[in-house]
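J.: First to last, the sequence lines map onto chains A and B.
All residue numbers for the first sequence refer to this note's numbering, where the first residue is 1 and numbers rise by one.
All residue numbers for the second sequence refer to this note's numbering, where the first residue is 244 and numbers rise by one.
These are computed hints drawn from the structure, not numbers from a lab.
Remember, predicted model here, so these are calculated numbers, not experimental data.
Glycine included, each C-beta is placed from N, C-alpha and C at the ideal position.
Check before you lean on any hint, since a few could be wrong.
Unchecked claim - In silico DMTMM-like pairs for lysine to aspartate or glutamate, Cα to Cα no more than 20 Å straight-line:
#  : chain 1 : residue 1 : chain 2 : residue 2
1  : A       : K178      : B       : E325
2  : A       : K198      : B       : E724
3  : A       : K127      : A       : E183
4  : A       : K55       : B       : D809
5  : A       : K211      : A       : D123
6  : A       : K178      : A       : E208
7  : A       : K127      : A       : E215
8  : B       : K807      : A       : D97
9  : A       : K105      : A       : D130
10 : A       : K138      : A       : D48
11 : A       : K211      : A       : D97
12 : A       : K105      : A       : E183
13 : A       : K198      : A       : D117
14 : A       : K198      : B       : E325
15 : A       : K119      : A       : D97
16 : A       : K126      : A       : E64
17 : A       : K119      : A       : E64
18 : A       : K55       : B       : E805
19 : A       : K55       : B       : E808
20 : A       : K127      : A       : D117
21 : B       : K318      : B       : E307
Stated by the list, open to error - With beta-carbon atoms standing in for the labels, derived distance ranges:
#  : chain 1 : residue 1 : chain 2 : residue 2 : range
22 : B       : I290      : A       : I27       : 36 to 42 Å
23 : A       : P95       : B       : Y738      : 47 to 53 Å
24 : B       : T382      : A       : I65       : 47 to 53 Å
25 : B       : P478      : A       : D124      : 48 to 54 Å
Unchecked claim - Just so you have them, the derived chain B footprint on chain A, three or more residues with Cβ under 8 Å:
#  : segment
26 : 59-68
27 : 92-99
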Amino acid sequence: MLNWWLPENVSTFGRDIDWLFHLIYWITGITFILVAGTMIAFMIMYRDRPGRRAKYTHGSTPLEIAWTIVPSLILVVLTFLSLPAWSRIKMNIPPTDIVVQVTAKQFNWQVAYPGPDGKFDTDDDKKFLDEMHVPVNKVIRVNLKSQDVIHSFFVPNFRIKQDAVPGRTIGAWFDATKPGQYEWPCAELCGFGHSGMKGWIYVHTAEEYAKWATENLAGAAPAAAEEKKDDKPQSTTEGKPKS
Amino acid sequence: MSATTATAHGHAHTEHHELGFVRTYIFSTDHKMIARQFLFMGLFMMILGGLLALIVRWQLAWPETAVPGLKLFLKETGGILEPSTYNMAFTMHATIMIFFVIMPILAGAFGNFTIPLMIGARDMAFPLLNMLSFWVTATAGVIMLSGFFVEGGHAAAGWTSYAPLSAVPQYTGVNWGQNLWCIALFVMGIGSMMGSINYITTIINMRAPGMRLFRMPLVIWSLFITAILLLLALPVLTSGVAMLLFDRTLGTSWFRPSGGGEPLLWQHLFWYFGHPEVYILILPAMGIASEILPVFCRKPIFGYHAMAFSMIAIAFLSWVVYGHHMFVSGMNPALGMAFTVTTMIIAVPSAIKTFNWLGTLWGGRIQYQVPMLNALAFVGMFVIGGLSGIFMASTPVDIYIQDTYFIVAHIHYVVFGGSIFGAFAGIYFWFPKMFGRMMNPALGHLHFWGTFIFFNLTFFPMHIIGVGGQMRRIYNPMQYEFLQHQQHWNVFMTYAAICLGISQIFFVINFFWSLFGGRKAPMNPWNSNTLEWTAPSPPPHLNWGATLPTVYRGPYEYSSPESKEDFLPQTAPPGRVPAAARH
């Protein structure tokens, strides 16, 4: 039933997220049915009827212990299932194939690929507005910036969301598993044009991407070389930027 | 046990010089009058906040069509919301509901009314400060409302007012609206500090003879803990909004990166206040439910100590979970892990409370009167709101659902399903004591069932569209191809929200009709044990006659073998049966 609600997942770590989502869905769903069922049963069984006196009890220590320990154990298990996925997604970014720089502004995504010099923020950068082209099954690293307010990079089909914070460059990544075109909204209120601030991410097959790259990134160096293994997690605060 | 005997005693002590109209009804230092003032202020603001919510819902269901009735205010557009007006509507809906509805009603009205009456004090420790607390809060309310009338409109950066969107006027096009928002919250923070100091001092120092800490009703425990949270959390917001105002008006750069500031600092300050704030909103409602369930189950609360300690645990933990609002903010992911752990831990005391409420129902003699129905709805809705919170505690899942309608559903299950049902339960329960008249049960049932059904129809589908990816705070879902297939839910929820609004009319009628024409309330209409029911309805100035009540036992001795009746007031001296030294 949830698969019908969730948009199709087309990213590698999206599978981890969906798996956890479904796990929590079942745990909370069953808990809710048990709690609500007990509550309704008690409400019917113990409704006021003449000639009956309520039980005079102040509680039960064994029960208190039981219903402290059982939820604690479930939550411990959930924590230990969540943390590795989080660390895979946010802290141990796999070796990067392509680096793209995205600078958010009110109310667009500005996408840049490095020019022949292999560096960003130089005159030969190849720039696009509200569209990004990437090959399928490759690790794409996005260096996320903002030039005004906080925006949020959200691609529902990739299960990725990362705020773009002015004054910082934040590293995000994804690895799309299926060619297609995917909607790319901003998920953080960023002003009156927030609604409708969106782009498209085009995931191409290897051949199509090569074709697109020769047509649009002519002479551009593969940017991956620039990034070393010291791909530290996210969020390196830049020196205080210019106005 | 008629009301007359108590008032006869009362005459011995009540002051003979009558206070004038102004000192009785406006600048009153009587905690009961201040409670009524907070209640009226909160209910008035609730109408406004509710209408703003309906405007938001209208836009989401039928984007860019004229909102009925708005033509009067939006002449240029003929009643159609523009994106900036829409942003203003949801910003002010949340701001008003949180700061000027739930806080004044739960902490302000119930805190003021119940604390002295339930611990056996004649008034608050600092009556004058108490009066100031209300008038400062009311001033804050007026400042907040004035923002609607300035050029550029009211604040439109969300109730969270994330910098730098909120810190630079050009980014939103809002100038004095956002400034007034900051000033109003600053003033409100001062009012709340006065109130919380008063609550804490009163509870620590002014309990009646025999009222030990662990004989206090749980609602007093909850308000005590809430007051501590208010005292420690609100100043962080107060300083935060002052810094924001300085960034906007004096050219400082706390939050503006262009001048060397740090946008995430605002989020740290805001959520360091904001998460304890969530518990400030829900703890008094938990207390009210814990008060009402035993009365209408005719049974002691299950696990009194577990209930008190779990609230203390929640209060401590509420300081170390705030980072879960910032999982995708760019905060160091290692810190995110720490906040996952604490967030999972805080679910445990909430679970303990829920199970103890169920334990209270077990073996009871449940009477389905209107306060009880609302208290039961509180428990049920809190369970849903609590369980949906677990999705967010799991960081990887939170990446996806952060800033979607799933979050909107979650907060409304906690704050409407929890706090507002708690507030309604409290109003129906204490109305007889507060105003000396009973509310009409038939209208009460109509109001309850309408609210309960349409609340769920309005907010439950938000989980579904949230899972579908619909972002919060968007003006028009139809701008997104991946959201268009679920637009019918938005239409459905808006119809439900309109019915939810209409259901509140029963409450308004009931409230005002009962105020003047309700049946006169006896002293103890619910056969309850706690001290407030030993004072006349409504209690006179200084609450009791010459002597204050003496407390002999805990507050929940229902169906005790010590008594032939099914209740045993805290003030009843121990009888012939040797007391089994229990609470």
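J.: List, from low to high, the hint numbers that the structure doesn't satisfy.
T.: 1, 5, 8, 10, 13, 16, 17 and 27
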